[in-house]
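Participant: The primary structure of each chain is shown beneath.
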Amino acid sequence: MAAETEDLSPHLPSYLEEDLLPAEHSDAPFEQYLAAVSPRGRTMLLPALLEAQRRYNYISSDTATQIGRSLNVPLADVTGVIEFYSMLTTEPTARSVIRVCVSPVCTMFGSHDVAKSLVHALGTTLGEPTADGEYFVEEVQCLGLCERAPAVLVGERPIGQTTPDVIAELIKRPPDPPSGLIRTGTRLLTSRLGKISPTNLDDYQNSEGLLGLKEALALSPIEVIEKIRSSGLMGRGGAAFPTGIKWESAAKASGESKYIICNADESEPGTFKDRTLMEEDPFSILEGLLIAGYAVGATIGYFYIRGEYPRAQQIVGEAIDTLRKTGLLGKGILGRDFNFDIEVRSGGGAYICGEETALFESIEGKRGFPRIKPPFPTTSGLFGMPTVINNVETFANVPLILRIGPEEYRKFGTDKSPGPRLFCISGDVFMPGLFEITEPLTLKDLIFKHAGGAKMGRKIQAVLLGGAAGKFVPPDQLDVRLTFEDTRAAGLSLGSGVVMVFDETRDLRQVLLDLGHFFAHESCGKCYPCQLGTQRQLEVLERLATGTLIPGDRERLNDVGWTMTDASLCGLGQTAALAVLSAIEHWPQMFE
Amino acid sequence: MIEADRIVRSTCPYCGVGCQVNLHVREDRIFKVDAPFDVAPNFGRLCVKGRFGVDFVHHPARLSKPLIRKDFGRTPRQPVGVEGFREATWEEALDLAAERIANIHRQHGPEAFGTFASAKVTNEDNYVFQKFVRGVLGTNNIDHCARLCHAASVTALTIAIGSSAMSNSIAEMKDLEVFIVTGSNTSETHPVISTFLREAVVHNNAKLIVVDPRKIEMTQFAEVWLRQAIGTDVAIFQAMAQVIVAEELYNQEFIDARTEGFKEYAQSILDCTPEWAETVSGVPADDIRKAARLYANAKAAAIYWGMGISQSVHGTDNALSLANLALLCGHLGRPGTGLNPLRGQNNVQGASDSGGLPHVFTAYQPVNDDEVRTRFENYWGVRLNPQPGLTVMEMVDAAARQVIHCYYIMGENPLMSEPDLKHSRHVMENMEFVLAQDIFINESSEFADIILPATSFAEKSGTFTNSDRRVQLIHPAVPAVGEARDDWSILCDLAKRVEGKLGRTTSAGFDYADPAAIWQEMAALTPAFQGIDHPRLERENGVHWPCPSPDHPGSPYLFEDTFPRGKGIFTPLVVTPGAEVPDLEYPYILSTGRVLFHWHGGTMTRRSKLDDIYPEPTVEIHPQDAVAIGLNPGDWVKVRSRRGEIKVRTLITERSPAGMVFIPFHFAEAAANELTHDQRDPKAKIPDYKMCAVQLEPA
Amino acid sequence: MPIQLTIDGKPVSIEDGASLMLAAQQAGVDTPVICYHEATTPNGLCRQCVVEVEGWRVLAPACITSAAEGMVVHTASERVTRARRTILEMLNASMDLSEAPAIQQQMDEYKADRKRFPGAHRRSQPLLDDNPFYVRDYDKCLMCWRCVQACGDDLQFTYALSTGGRGYESHIATFFDAPMTETTCVFCGNCVAVCPTNALVSKTEIFMSRGLDYDAIRREKRKQRRAEKKEFSDD
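The listed protein sequences correspond, in order, to chains A, B and C. Heads up, the first sequence is in my numbering, so the first residue is 6 and it goes up one at a time. Heads up, the second sequence is in my numbering, so the first residue is 17 and it goes up one at a time. Heads up, the third sequence is in my numbering, so the first residue is 862 and it goes up one at a time.
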């Protein structure tokens, strides 16, 4: 764990830089790569496995042995980690892996048909490489491209709005540009989106970039924390925990080192806001990390980006490089006694790693199992040290708060939900996309006034608010204001800002089945309620979707659902049944 | 699922850890072994031998009737299997044995007997054995295999501090701060202890220093691994001491209060710099410095060692060099410190404690101490011999000189464990009378005239004393096999017969109701045992001796205030060459030892399912050497020394360094001790099993 | 300093930091457990020990939740009972619990319907017999992790086992499914000792339960093997 103890030179050692740019890895022999990372030990396990997967399209037992030996990880644990992450395989895949999204929105826009056409055109089947070893098609959970469903990831190229009949073209198509579908009034967090060259630091500085950091460095760390606290900023990852309190607690905690982590494992079906920010305005997030590092007294940051976001990884990596080259990362930042550097880590295909403690485990080179809390991350987080972990959007708010001041900031949103807020609208609306809300707004207004309402004059049947882990809102309850306090009063949660719209033509039973598949696929398997409950729930939802319910199924869903909600170890299990339970509440007859 | 008819608490019969076990019995068969999680020393942990290896108890080859050699009386005798014997009644066998013993006694006197107590049987059995030897035969020629393992440790510790046992307890291990493991492949020889040592590293962030030529498993947990050339241990530890003295890292207060000879010692190591040690041992000087600083700067640091230290021509010096280190830093007399020779056999500590040694009665009370001897004479009502007797290898010599005419071997297998077997066998062939007492016929009892069938640990009661001096009970779980009897009961019967045939008018006393009564007598004669009796052991699951009174809690660690000899003494040492160095003709160094799945002579483990996983004799060869010799993995290879030749399977591994091969000594069909030599440490009389020269040739 | 709390209406005084399980014990309430074992670090996996703490959003696993001053705890509320019963029912639909008497007893106590989930997909796996000492019958494995813990950081520090797969398909794994003889396993059997369901069972025991004498069969086989190889003295 060199990164912890190392004297932070302006540049991290070369092996780190190599790791920052997955798309441009050198093709030095793998042995050489391993020799370079081996002093850091187990924390390099997932990066090394991803690197092996990238080079060889799979991980053979010989490669796994080599990796385990050089990182001093028990071989059984290497297998455990490989099997945990869905992007790692022990059987050969192909030079180009085509991932077809089958989360609810993409499914209803026909992604299963796209997958079928793909394998047909390529003369193979799902999960089997083509004879020439060129292509490998698999169905995966949400790719975070919901605004242009149905979406596909060809190698590292994101491609949206695919149709089954243009397969040949699809394979060769250049990647989609980052989403430009941003429609709002006041633009704060999204002000630079689409307007600057994302990794051009001059562009960033010319649009008020770095002012927050400079303001912060002119203050004491305690004063910075006080600004964040008084801004009322709450975490945008779903749990809505007050950011200032989190920072304060980590700043006070004692530890040999402290860490700042940006949670960019955005995997909640229907969410794509973090990806958009990373792809279009990476500096604002990095500026947030820098400010947090200064405020908390941390010298190392990790930027954990899900494996399905290769482009975001590349852009963030480039941005970090630029900051390093200009001395904004490293030692003595802006002439102050402030050292900080950031390392990008890629996820390996596991929704659970968005859970903060599971993410720590992942960085530590273990299976992404959530930990028991307490202890909480602020006192015992990554490597057992005080850690601040925030969502991408949360970090993006930080420079804004420092730049305009907490009072100005609080003018946006409501008193109890201050600041701007991003929403991801997908499904059956006229204009799906990313929306920045700076004034209190009802769900109905967001859908109808901003996203153009349902298509072709159809009626809205239901809205899934908060993502797969959220709840259904029936059409007669759309008047709820999109604030923390209003949604909570209505028994809802904003979650990560997902608004998934289903019109009257959709079969909600299919949507529920997709959700069931999602949770069964993503349950880590640690605690029994979720490990068993997601499977038992899926089995009933399969009967629901095929019209083969048996007596007692609604009770079964209730018992399983409430057991998961009440007794699961982490947030995943505790929310894995919310959508189903809300559907039972609103549409009981569907389950008869 | 099998419901047990009964679950019987006992003590594992294999190594010196003394794991507490529960024997699950159904229809008089042990079908499962597990361990209580809340009881010391193992707290639920077991190794493969303890958990799966007690099936030897039910092996069909178990001796069930007394056996008398068919060609009884003919010499030189040949080794024979069971077919060379005829079954006899106890009456006939014991009477015949007593007759022969009495005859030899009349003819040649007490010194004609060489007797082997046993590190496998109970304290009570051993006590009665030595009582028979001393009180009836009138000799102190009694020894056991401890001579072949930790004699050098015992000698060294006696010199340095006046005691010979492990100073600290197993229970302290998980809380260690710094510790040295040297000459001990702990994870294979003391598997459960190794788990506590690893626990200290993993959970307590303890720093482990391994000093060993072989890349043993413990090196994976080591902070520093000093891979010395075989036989250069003294150089390493002297150099560590030199660093500690030169950098003034020693514990002045301790040295002043508790030791003598520091100045002379400090003077003697002036030139033993790490650089010097590097040229001798090949270990980088900086690593030696690092180890020295770790050990010296720790608040508490312990040393653990095994056969790699003691089974050497300079074994005593090896152990003394460790004692010097501990005295320098004052790492003695507190928890987490100590000088800890890890004992091999389940009751090797106990066999010594209960008088199975040629110079001492129970608890190391010297036979030539008049006060002590008088106490025993008064209690037993017989006159006792004040002359210390012969050690194991001296008995072999005496037999070769035809001074010893009769061997009585109880539960040992000298013809697997002694070095230079060809010689030992020759001695056995010409012995006038050999009496063996065991649970199986082994390589030694194949030479016996009479074999008396004994019960195994699972069939009797009594106590074993483990490596950390913890006296623990065993209980009968299954009935005796056939007519097999407990060792103590056989001994009592035989003793009375011999007394009768010798015309003794008073008996030394061989009428015991049970092992508990034997313990009572032993405790009465032994101040250090007086606080221990069977009911207390039952209540407390074991007690660490010394324990002088019933209200004394026992002694998990020793020497808090003083050493048995008063002050600890430093011993200046010089590095001496190895026993037999390789040359052009015999270019490889052979080291012998154990593997996880087998036990010593293999008498038990090779009659267990343990043999299925490690069925063949092997030799560990470095890849470079394998290429040079032209060996592939699994090839049969002939290993030859100046004394003998065996054929074993090639195991290619980097565990042993190039130029050194390692052969486990468990396999009768390829006994490693055919190759070893009988060069002994001058002080401890222990043979060197760790270094002899061999040549290898594809078979 | 001891703290005061209430469990099922009874006042309890206990050392600060003690688990709710201990506190419940003091109140005379037995807490049902599946994954918990005295020798392994509690991971709070099975959630069978959950209790309801007033004011808490979710139920608390009693094995790893520290008692706190003034807590009001219910160990038999409707939520608690539903969770415990449902966990048992879901487990029973997933694997073979026939040799787990403690869990069978819990099913009786919580009136678990042993056929609650008809048509449920069971995690069946072939019995693995790859060493002379024990078999691994993972049909009976309920993923308590104790064997992994016993092999790793709790007892043996040998690390031959890990958890593999994910979610419902989680399983106990060796490196690339290698047989135990090709792993770092030292056959200490500490894993067997902590297995609650007989998924890990000594061969002597499993043979005996089928009316066979493993030791005799083994010896016979070995004799044959040796006769074929002619390399061993007979025994």
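No wet-lab data here; the hints were simulated from the structure. In this text, a Cβ means the ideal position worked out from N, Cα and C, and glycines have one as well. Watch out, some of these pointers could steer you wrong.
Unchecked claim - Here are the simulated SDA-like pairs of lysine to any residue, each with C-alpha atoms no more than 25 Å apart in a straight line:
# : chain 1 : residue 1 : chain 2 : residue 2
1 : A       : 378       : C       : 865
2 : B       : 86        : B       : 102
3 : C       : 1084      : B       : 98
4 : B       : 231       : A       : 39
5 : C       : 976       : A       : 556
What the hints assert, rightly or not - Here are the in silico distance ranges between beta carbons for each label pair:
#  : chain 1 : residue 1 : chain 2 : residue 2 : range
6  : C       : 965       : A       : 245       : 42 to 50 Å
7  : B       : 42        : C       : 1081      : 17 to 25 Å
8  : B       : 540       : C       : 1072      : 49 to 57 Å
9  : C       : 870       : A       : 245       : 33 to 41 Å
10 : C       : 1040      : A       : 43        : 24 to 32 Å
Participant: Next, verify each hint and record whether it holds.
Facilitator: Each hint tested on the structure:
For the given pair, residue 378 of chain A sits about 22 Å from residue 865 of chain C by alpha-carbon distance, which is consistent with the 25 Å threshold. In summary, the hint linking residue 86 of chain B to residue 102 of chain B is supported, as the alpha carbons are separated by about 6 Å, within the 25 Å threshold. A distance of roughly 18 Å separates the Cα atoms of residue 1084 of chain C and residue 98 of chain B; the hinted pair therefore holds under the 25 Å criterion. In summary, the hint linking residue 231 of chain B to residue 39 of chain A is supported, as the alpha carbons are separated by about 23 Å, within the 25 Å threshold.
Taken as a hint, the residue 976 of chain C and residue 556 of chain A pair is honoured in the structure, with Cα atoms around 13 Å apart against an allowance of 25 Å. Our hint of 42 to 50 Å for residue 965 of chain C and residue 245 of chain A holds, since their Cβ atoms are close to 44 Å apart. Checked against the hint of 17 to 25 Å, the pair residue 42 of chain B and residue 1081 of chain C passes, with Cβ atoms roughly 21 Å apart. At roughly 51 Å, the beta carbons of residue 540 of chain B and residue 1072 of chain C sit within the given window of 49 to 57 Å.
For residue 870 of chain C and residue 245 of chain A, the Cβ-Cβ distance of about 35 Å falls inside the hinted range of 33 to 41 Å, so the restraint holds. Between residue 1040 of chain C and residue 43 of chain A the beta carbon distance is about 28 Å. The supplied range of 24 to 32 Å therefore holds.
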